[in-house]
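If you want the building blocks of each chain, they are given just below.
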Amino acid sequence: MNEMVKVDRRDAKLALAHIYVAFIALALGGLAGLLQTLVRSGKFELPANISYYTILTTHGVLLGLVLTTFFIIGFQFAAVSRTAGTFSDRVRFWGWVGFWLMTVGTAITAFFILIGQASVLYTFYAPLQAHPGFYLGLTLVVVGSWVSGFAIFAHYARWKKEHPKQVSPLLTFMAVANMILWLVCSLGVAATVLIQLLPWSLGLVDRINVLVSRTLFWYFGHPLVYFWLLPAYMVWYAIVPKIIGGKIFSDSLARLSFILFLFFSIPVGFHHQLMEPGIDPFWKYVQVVLTFMVAIPSLMTAFAMFATFELYGRSKGATGLFGWLRKLPWGDARFFAPFVGMAFFIPAGAGGLVNASHQLDQVVHNTIWITGHFHLTLATTVVLTFFGAAYWLVPHLSGRVMTKAMNRLAIIQTIVWVIGMTFMSGSMHFAGLLGAPRRSAFSTYGNSPQALEWIPYQIAQAVGGTILFIGIILVLIIITNLAFFAPKGETEFPVAEVAEGAERTPLAMENWKLWIGITVALILIAYTIPFIDMIQNAPPGSKGYKLW
Amino acid sequence: MHIHKYEKIWLIFGIGCLFVFLTIIGVSAFAKGNQPPSCLTTIDPEKVDQTPPFNKPGLVKTGDNEYQLNMVAAAFAFTPAQVEIRKGAKVTINITTKDVIHGFEVVGTNINMMVEPGYVNSFTKTFDKTGEYTILCNEYCGAGHHMMTARIKVVD
Numbered sequence: 001m002n003e004m005v006k007v008d009r010r011d012a013k014l015a016l017a018h019i020y021v022a023f024i025a026l027a028l029g030g031l032a033g034l035l036q037t038l039v040r041s042g043k044f045e046l047p048a049n050i051s052y053y054t055i056l057t058t059h060g061v062l063l064g065l066v067l068t069t070f071f072i073i074g075f076q077f078a079a080v081s082r083t084a085g086t087f088s089d090r091v092r093f094w095g096w097v098g099f100w101l102m103t104v105g106t107a108i109t110a111f112f113i114l115i116g117q118a119s120v121l122y123t124f125y126a127p128l129q130a131h132p133g134f135y136l137g138l139t140l141v142v143v144g145s146w147v148s149g150f151a152i153f154a155h156y157a158r159w160k161k162e163h164p165k166q167v168s169p170l171l172t173f174m175a176v177a178n179m180i181l182w183l184v185c186s187l188g189v190a191a192t193v194l195i196q197l198l199p200w201s202l203g204l205v206d207r208i209n210v211l212v213s214r215t216l217f218w219y220f221g222h223p224l225v226y227f228w229l230l231p232a233y234m235v236w237y238a239i240v241p242k243i244i245g246g247k248i249f250s251d252s253l254a255r256l257s258f259i260l261f262l263f264f265s266i267p268v269g270f271h272h273q274l275m276e277p278g279i280d281p282f283w284k285y286v287q288v289v290l291t292f293m294v295a296i297p298s299l300m301t302a303f304a305m306f307a308t309f310e311l312y313g314r315s316k317g318a319t320g321l322f323g324w325l326r327k328l329p330w331g332d333a334r335f336f337a338p339f340v341g342m343a344f345f346i347p348a349g350a351g352g353l354v355n356a357s358h359q360l361d362q363v364v365h366n367t368i369w370i371t372g373h374f375h376l377t378l379a380t381t382v383v384l385t386f387f388g389a390a391y392w393l394v395p396h397l398s399g400r401v402m403t404k405a406m407n408r409l410a411i412i413q414t415i416v417w418v419i420g421m422t423f424m425s426g427s428m429h430f431a432g433l434l435g436a437p438r439r440s441a442f443s444t445y446g447n448s449p450q451a452l453e454w455i456p457y458q459i460a461q462a463v464g465g466t467i468l469f470i471g472i473i474l475v476l477i478i479i480t481n482l483a484f485f486a487p488k489g490e491t492e493f494p495v496a497e498v499a500e501g502a503e504r505t506p507l508a509m510e511n512w513k514l515w516i517g518i519t520v521a522l523i524l525i526a527y528t529i530p531f532i533d534m535i536q537n538a539p540p541g542s543k544g545y546k547l548w
Numbered sequence: 001m002h003i004h005k006y007e008k009i010w011l012i013f014g015i016g017c018l019f020v021f022l023t024i025i026g027v028s029a030f031a032k033g034n035q036p037p038s039c040l041t042t043i044d045p046e047k048v049d050q051t052p053p054f055n056k057p058g059l060v061k062t063g064d065n066e067y068q069l070n071m072v073a074a075a076f077a078f079t080p081a082q083v084e085i086r087k088g089a090k091v092t093i094n095i096t097t098k099d100v101i102h103g104f105e106v107v108g109t110n111i112n113m114m115v116e117p118g119y120v121n122s123f124t125k126t127f128d129k130t131g132e133y134t135i136l137c138n139e140y141c142g143a144g145h146h147m148m149t150a151r152i153k154v155v156d
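For the record, the sequence lines run as chains A and B.
Residues in the first sequence are numbered consecutively from 1, following this note's numbering.
Residues in the second sequence are numbered consecutively from 1, following this note's numbering.
Don't read these hints as lab results, they were simulated from the structure.
Please note: incorrect hints may appear among the correct ones.
[Stated by the list, open to error] In silico negatives: residues of chain B with every beta carbon more than 12 angstroms from chain A:
id	residue
1	Lys56
2	Glu66
3	Arg86
[As the list claims (entries may be wrong)] Covered stretches of chain B (in silico footprint by chain A; criterion: 3 or more residues with CB under 8 angstroms from a CB of chain A, positions within the stretch not fixed):
id	stretch
4	2–15
5	18–24
6	35–46
7	93–106
8	115–129
9	134–144
Small disclaimer: the values here were computed from a predicted structure and weren't measured.
Backbone N, C-alpha and C fix where the C-beta goes; we use that ideal spot for every residue, glycine too.
Can you make the complete structure from the sequences, with help from the hints?
Laid out in structure tokens, this is it:
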């Protein structure tokens, strides 16, 4: 019990490299976000002819794609190495190959965005046509993540071989499930980039099928958000219980929820395309039904988390209906930050159900309500959980310890984030209901009285954005301290154990062939017929446009 | 697999809610006709100016108090840019684009459509409140995206 299991130093270096890139992306992408909210308040203009949309593309790519992917892969490498043992040299080598592919890809993409050759936003909808280098860079990021995914699979396979008839460690299982999800979904974006966008931007083909390209993008785009969310769930299920001193409520149900995410997070992309021509409403509804199913594993997660908290509180002598809440370690940033993230997922998830409902989506589609929504899900729930994880992960990997002062700063950081996000996301939700569009620079639409009503909300967004930027500066101070300046020492990588008396996890949980088979079947049911329709009834394709 | 009794209650309640929501959406969509805009008509995006009805964008009377509003989106404007509609008129808005993807949103209503090259999108709405409504593009289309706007005036 007293002997601390540590991530091997060489594996730690690999994980840390990913985390450094992630936080550099946070710094730059956060600055871009601050500038956006200031421009949209109507009180500021960008200097030197910098385009709002260049900044917006930078923000989306760096925070939506780079911060997330790098942090997740770094975290998962650490978690797999910690729970399934040190990597072989080969696995570690391929891990570095993945890292460099992703890093070089990011640099190429960022270069073409910053020289103004790719102001196409992070969704890069055709027929807006970016420089081929933009698509090439993104391809390298995705291919790099695949290499890292296969490195994790190889390590998992070796563990299974060395431990016949044993259930794999929970964190390793979850990392494998998340990387399978990522692989299956990123095939869609790889297909549109490699078969459609890249040849078209190079001039090898003249025209592109816009609807097919969008559909492939959203086949990827929704599971992408679950690829972000599942590592947060890994922290909640398998790490937070240890931090508070409790146990995992149920190992099997935790695994089951991850399998359900694998099933239901992919065949749902049409709920991003509800307002779109060329797709029969029947198939939109089929995917709306599947979208709602993905709420089930989140309901299970909510139950498991609060059961863990309550059981722990009662074991410490808490009485009354909510007495256990007082027993939780509120002063520990490793708990506090992820807990706040969890709490924010309640309104965030409810908003998600609104967005996925046909008739309600007609009111909010492409309004800034949507931006408000994913600043709750990704930019609060997921990001605060990642920050909370970084508070022990970074010092564990760097061989340092978090001081009391840094812990206090991390608590303040979390509170700053809550205040900033309440202002920003809250006013985004309200302005969205009044019709304010997302992804648009400041405009009064010819002094339209309706558009003038949005301005107070836009000022509130700038206030919130400024507070959030202070939050980013704080977290960067903490992470830099933990990586380079904190006192040397040993920090625990917390991994929780299953509650006593819980049932043994059935081995059938790891029947990946069956799980992948069901995933593929659901994808085929949801997509085959509408996709054939799109191709058979395709209009003439589109030439590329560079309208920025 | 063992599931705790409370968790069963929680999941039955949660999943039950989801099915109630889905039933409401489904009945509204399929029985009451509140489907999202999903027009399946295609068009050659380079020949919009020659293809009826988009060769003559504007409001066309099609019946007693029924109209068609044919609109064209292109970077960075809607044609026509000003439309006057009688209060109580039932208007079917048809829209297509000559270049990239645009959005068509009438602020303060549930008219919200993606406008994609090669496709016509369509939505029918009865305007029963007078006033001036702002139309705007809500899908990023380039440098002038936030300038892309038009007006609908609903008059007595």
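Structure-based check of all given hints:
1. Lys56: 21 angstroms, holds
2. Glu66: 21 angstroms, holds
3. Arg86: 21 angstroms, holds
4. 2–15: holds (count 9)
5. 18–24: holds (count 3)
6. 35–46: holds (count 12)
7. 93–106: Contact hint for the stretch 93–106 of chain B vs chain A: holds, 5 residues under 8 angstroms.
8. 115–129: Since three or more residues must qualify, the claim that chain A covers the stretch 115–129 of chain B holds, with 8 doing so at under 8 angstroms.
9. 134–144: This one holds; 10 residues, not fewer than the three required, reach chain A with a Cβ under 8 angstroms.
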